[in-house]
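Peer 1: Starting from the known structure of chain G, arrange chain X on it as the hints suggest.
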Amino acid sequence: MHEMSIVMSILDMAADRARAADARVINAIEIEVGGLAGVELEPLRFCFQVARRDIAPEAELIVHEIPGRGRCAGCGSEAAMDFAWAVCPDCGEVGLEVLQGRELRVRSLSVD
Amino acid sequence: MCDTCGCGQPGEAVTFRKPGDHRSGHPHDHHHHHGHDQDHEPPHDHDHEHGSRQLAVEQDVLQQNNLLAERNRGWFAAKGILALNLVSSPGSGKTTLLERTIADLGAEFAVSVVEGDQQTLNDADRIAATGAPVIQVNTGHGCHLDAAMIRRAVDELDPAEKSVVMIENVGNLVCPALFDLGESAKVVIISVTEGDDKPLKYPTMFAASDLCLVNKIDLTPYVDFDLDRCEEAARSVNPKLEFCRLSATTGEGMDRWYDWLRARREA
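Each protein sequence line maps, in turn, to chains G and X. Okay, so the first sequence: first residue is 1 according to this note's numbering, each after it adds one. Okay, so the second sequence: first residue is 1001 according to this note's numbering, each after it adds one.
Okay, chain X solo, but in the shape it has when bound:
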């Protein structure tokens, strides 16, 4: 799987950085294999017979990503690591949620973070301030993380056994639904400053998730967001979806999320 998206940029445009790390867009050997030589020779004649022929392929297009994702999943399982893929629109409060979660649970178990954004180290800097190990993956123009990026990021992070790896995907409710990273579960986050019909507008992501965190509930008095209507909409696309209503800013409702995390770690 090519890790680029939208513009055909070369794989080297994806960067992996840690806070305080000043390398930028360094073209070292981290880009993963495309299934072909980068230096194409121009088409040349062979002395075999010409004439159109049909070649069978019968291969899944996402096969390479899915195989890598399964390898990641096996690696996490072998180490007893709970890996969560956090998906949402931009601005739903994923990073604030992680900051508070790390502050509250950091003594209970180790948490490390893979931050996915198109640009900047801003989120990684915020996580680093909590003391948790973090790596920032900047996807350039790319709209999602893929399994190869996670492999590379986790190699650099080297998370401890029985720890939790939080993968904060690129803020986007569409494309990340299609790319398996090898996570144990997807957690979709929606905030009350968005529309309560979002699960109906972006059903694929809600259908693919195990848990839905409804964030910023401290703001409900000021916005036209119906919590029940939102959950009902989300259940209509995924009857098994679980919910936690919370505010990562005030801490209200965070206990249920923590209980879910503890239960998943035991599972």
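So here's chain G without its partners, still in its complex pose:
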């Protein structure tokens, strides 16, 4: 259940940014979560519902999912990655270099 730690970090980060901009309330928090980030969306959303408070009592969590993608060190071809240990579909080499999908970022906030 590291998703709760992640949610607390997201809320802390959002609250800091909102207060620095003199916002009264956070309406929505937009985040990016890569498919290889090691975070499950269902518990993440659940924890967010439970943990939102203070300046963000009813904030909406908007999740942009970023699919995993990697490049083979052997043949150079690019492929989708569902897991961090994908096998190259072209040459069979194990272990693609991750190009995208490890993202775990707060992109923006909507505030009043």
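Some hints here could point you the wrong way.
[Stated by the list, open to error] Among chain G residues calculated to face chain X with C-beta under 10 angstroms, some are:
1) ILE29
2) GLU103
3) LEU109
[To be verified] What the simulated footprint calls covered on chain X by chain G, stretch by stretch (three residues with Cβ under 8 angstroms from a Cβ of chain G suffice, anywhere in the stretch; the number is not a length):
4) 1051 to 1064
5) 1174 to 1185
6) 1195 to 1209
Hints are computed from structural coordinates only; laboratory data are not their basis. The beta carbon of each residue, even a glycine, is placed where N, CA and C say it ideally should be.
Peer 2: Leaving out everything else, chain X in the frame of chain G:
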């Protein structure tokens, strides 16, 4: 990074104790910064204009943990300390492995230990009995150690230059994979009383590790665990993973682990 997990408990619930130390859950100033005031004022009106607006943030969620981990890594490097993050399921034999390692190598180089568990001083007491400096981090309900806990624990331990710091993470093959502590390497331990398909069930941890210790091999005649199949499974998720098959109880195979440690200290 908040060091709590699973229940939103306050940071003060994490405790740092040494054996013989009777302070418990003391609420002194050790909890690290959350990035905001703890005493929130209720939302209040400003005289600026209202209406929804968008604020850009563009910040990595694990940034605070990762920055702290890099600071730890730099600190260890400056002192020539080898710091290892030992990860496994509960009951794989991490503490027994450390007891034997300290007994066998303690004359060669200093070893100190950070013990992570949700509760009790039991493991720290066992390490203290070997004579090695140890600090117990009790994470309360937390399921992993984070970089801030290591900073605090290492400050209290004050390990010597060129020594080895063994961080025994909370027994959990899932969450500790995500939290960099600033270690030189992760060492994953699996024992033959577990399933040999564990690397496939918990691939993230095996993918993140440098070395896999297969422990309790003295019990292989009594269990249905195929050592080759286990290593093959682990290699399929991490082709660079190294292995040592050993028994921390009988001492069989420990030499390879010690050679790996010596080589890493030189590196």
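Peer 1: Which of the listed hints are not met by the structure?
Peer 2: none
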